[in-house]
Amino acid sequence: MLNWLKSPASETQVTHGQRLWLYLFAAVIMMLLVLPTLIVIPMSFSDSQYLEFPPETWSLRWYRNYFGSAEWMQATETSLKTAVLTMLVATPIGVLAAYALHASKLPYIRAAFVLLITPMMVPVVLIAVGAFYAYVKLQILYTITGLVLAHSLLAIPLVVIVTGSGLQGFDMNLEQAARSLGAPRWRAFLTITLPQIRFAVVTSMLLSFLASFDEVVIAMFISGGDNPTLTRNMFNALRDQIDPTIAAISTIMILITTLMMVLVAIFGRGKT
Amino acid sequence: MAVTDLHAAGLRRDERVERWKLFGLASPAILLVLVILVIPVGWLFYVSFVGADGNFSLENYERMVSRKSYLRIFVTTFQVSILTTALCIVIGYPLAYFISQLPTRWANLCLVTVLLPFWTSLLVRTYAWLVLLQKQGLVNQWAISLGLWDEPLKFVHNMTGTLIGMVHIMLPFLILPVYGAMRAIDKDYLKAASNLGASPRRAFWTVFFPLSTPGLFAGSLMVFVLCLGFFVTPAVLGGGRVIMVSMKIVSNIELFVNWGAASSLGVVLLVLTVIILWIASRFTRLEQMAGGGH
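These protein sequence lines are chains C and L, in that order. Each residue of the first sequence is one higher than the last, beginning at 1 in full-length UniProt numbering. Each residue of the second sequence is one higher than the last, beginning at 1 in full-length UniProt numbering.
These are computed hints drawn from the structure, not numbers from a lab. Keep in mind it's a predicted model, so treat the numbers as computed, not measured. Treat each hint with caution, since some may be false.
[To be verified] Calculated pairs, DSSO-like style, for lysine-lysine (alpha carbon to alpha carbon, straight line, at most 27 Å): (1) Lys21(L) <-> Lys105(C); (2) Lys137(C) <-> Lys81(C); (3) Lys191(L) <-> Lys6(C); (4) Lys6(C) <-> Lys187(L); (5) Lys135(L) <-> Lys154(L).
[As the list claims (entries may be wrong)] Heads up, incomplete: computed chain C residues facing chain L, CB under 8 Å, no partners named: (6) Gln13; (7) Pro36; (8) Thr37; (9) Arg61; (10) Leu115; (11) Val129.
Where a beta carbon is used, it is the ideal one built from N, C-alpha and C, also for glycine.
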């Protein structure tokens with residue numbers, strides 16, 4: 001231990017001992033990043049009205065509460081449907097756009113790129129208010145169609161950026177070769193390019209799903225009626241009181257997120 | 001001669017047509033952004049200049065300047081954004097440095113602790129802090145049983161709670177670009193500095209730190225801009241005592257159905273964001289900001 005403390009930590013010859021504060025600091029911060037969320041999981045299995053840690057008596061009552069509530073189930077269904085559809089709409093649109101920006105050598109590319117990533121930069125409240133207005137006009141307020149369109153808007157920057165960086169690592173000469181051998185462009189794209197950038201595309205899909213599934217502020221404005229989303233209902237519940245049912249829902253959401261991360265880790269391994 | 005000229009012109013034209021066709025593939029995405037974002041926000045601009053009588057007027061903006069409550073909201077918004085960004089830098093930079101110095105395998109493991117919250121729902125994390133920090137929450141319970149303080153302290157429904165929640169949510173947006181910039185620094189520079197006699201501290205401040213600043217700048221900017229428009233965390237953890245611009249926009253519409261007031265606030269918020277991004281874009285590439293988050 002003492003030897004380790006005295007040994008140099010880097011090529012510039014600071015010892016580990018001199019850096020000990022950094023290690024402790026990093027450990028504390030990493031714990032603070034992860035633990036607060038994880039502590040909700042055991043709490044969700046408590047039998048008490050109040051959230052306790054560790055719970056004195058364990059039960060599944062808050063899960064029964066959630067799965068037994070028609071309202072929560074309906075909201076979950078809306079959220080899942082919206083997220084899946086968003087993934088299916090935003091990914092192809094975004095991949096096409098990323099490809100167009102990458103392959104076309106027009107001088108407007110940078111302007112188009114900036115336009116496509118604006119949904120990331122504009123405060124989300126404004127997108128929500130704007131979408132609310134547009135949806136009243138288009139008569140798609142409180143519909144899943146409306147939710148999918150707005151959430152796709154949020155997902156497109158993610159898809160364009162992730163797929164764009166995937167394309168950057170791909171040698172376009174390969175596609176050129178396929179085309180010079182007689183394949184039309186779409187076929188060259190589908191059989192040569194797409195398989196090469198598949199990791200970026202899969203990551204884009206998962207990100208689109210999560211962007212939609214997690215979204216609150218837009219859903220507050222344009223979901224409702226028969227189609228409130230899970231996050232909208234959660235947010236309203238949070239403003240009123242601390243209901244342990246939310247702990248159960250949070251646990252389920254953490255599980256879904258973790259599953260997505262594992263999928264990305266599996267598919268992302270081949271990423272350049 | 002003329003024939004080859006004609007041929008070349010034809011080829012050029014074909015190429016131009018081809019480029020436009022290719023560019024057309026981006027049109028569904030561009031159309032979506034135009035219909036759902038650009039046109040409605042343009043409409044908000046318009047509404048903000050319409051008075052109660054339906055004519056052009058600056059009354060929405062005058063109200064904002066004349067009423068103290070509006071001024072206070074902007075002050076609060078900047079306060080929260082600046083403090084959150086500063087705390088993220090102080091906490092995030094050393095952590096990013098620590099992780100960037102580890103061998104790749106360990107670094108990836110540590111990065112999971114940054115990415116896990118990054119991917120976890122905003123609402124879930126805000127809820128977690130609400131549960132932990134409330135009066136009967138774990139933090140108070142444990143601190144009292146350890147004798148750190150006697151009475152339960154108030155951490156939520158005020159500025160403290162808002163800042164804790166915001167920093168937790170924003171940290172990954174700072175750490176990821178900083179980490180990326182640090183990883184890209186060639187270790188040979190540091191070796192060269194130490195060979196030339198620089199102390200570790202000096203090598204860090206004169207070589208390493210300046211090379212990491214583009215990442216730090218991009219990350220801080222991202223955090224600051226996101227904070228300006230933030231809604232969920234201050235709304236829940238601030239408990240109505242920390243009112244940010246975005247919350248006022250929502251209440252103007254939901255409670256008072258005052259589109260003029262809401263849209264003028266929205267326009268100011270947007271203009272502030274654009275100005276900041278525009279100034280920043282002269283020093284850094286916006287792609288870098290967005291790209292850090294993978």
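Hint check:
no.: 1; hint: Lys21(L) <-> Lys105(C); result: 11 Å, holds
no.: 2; hint: Lys137(C) <-> Lys81(C); result: 24 Å, holds
no.: 3; hint: Lys191(L) <-> Lys6(C); result: 19 Å, holds
no.: 4; hint: Lys6(C) <-> Lys187(L); result: 21 Å, holds
no.: 5; hint: Lys135(L) <-> Lys154(L); result: 6 Å, holds
no.: 6; hint: Gln13; result: 6 Å, holds
no.: 7; hint: Pro36; result: 5 Å, holds
no.: 8; hint: Thr37; result: 5 Å, holds
no.: 9; hint: Arg61; result: 17 Å, violated
no.: 10; hint: Leu115; result: 6 Å, holds
no.: 11; hint: Val129; result: 6 Å, holds
Hint 9 from the list above is the single one not met by this structure.
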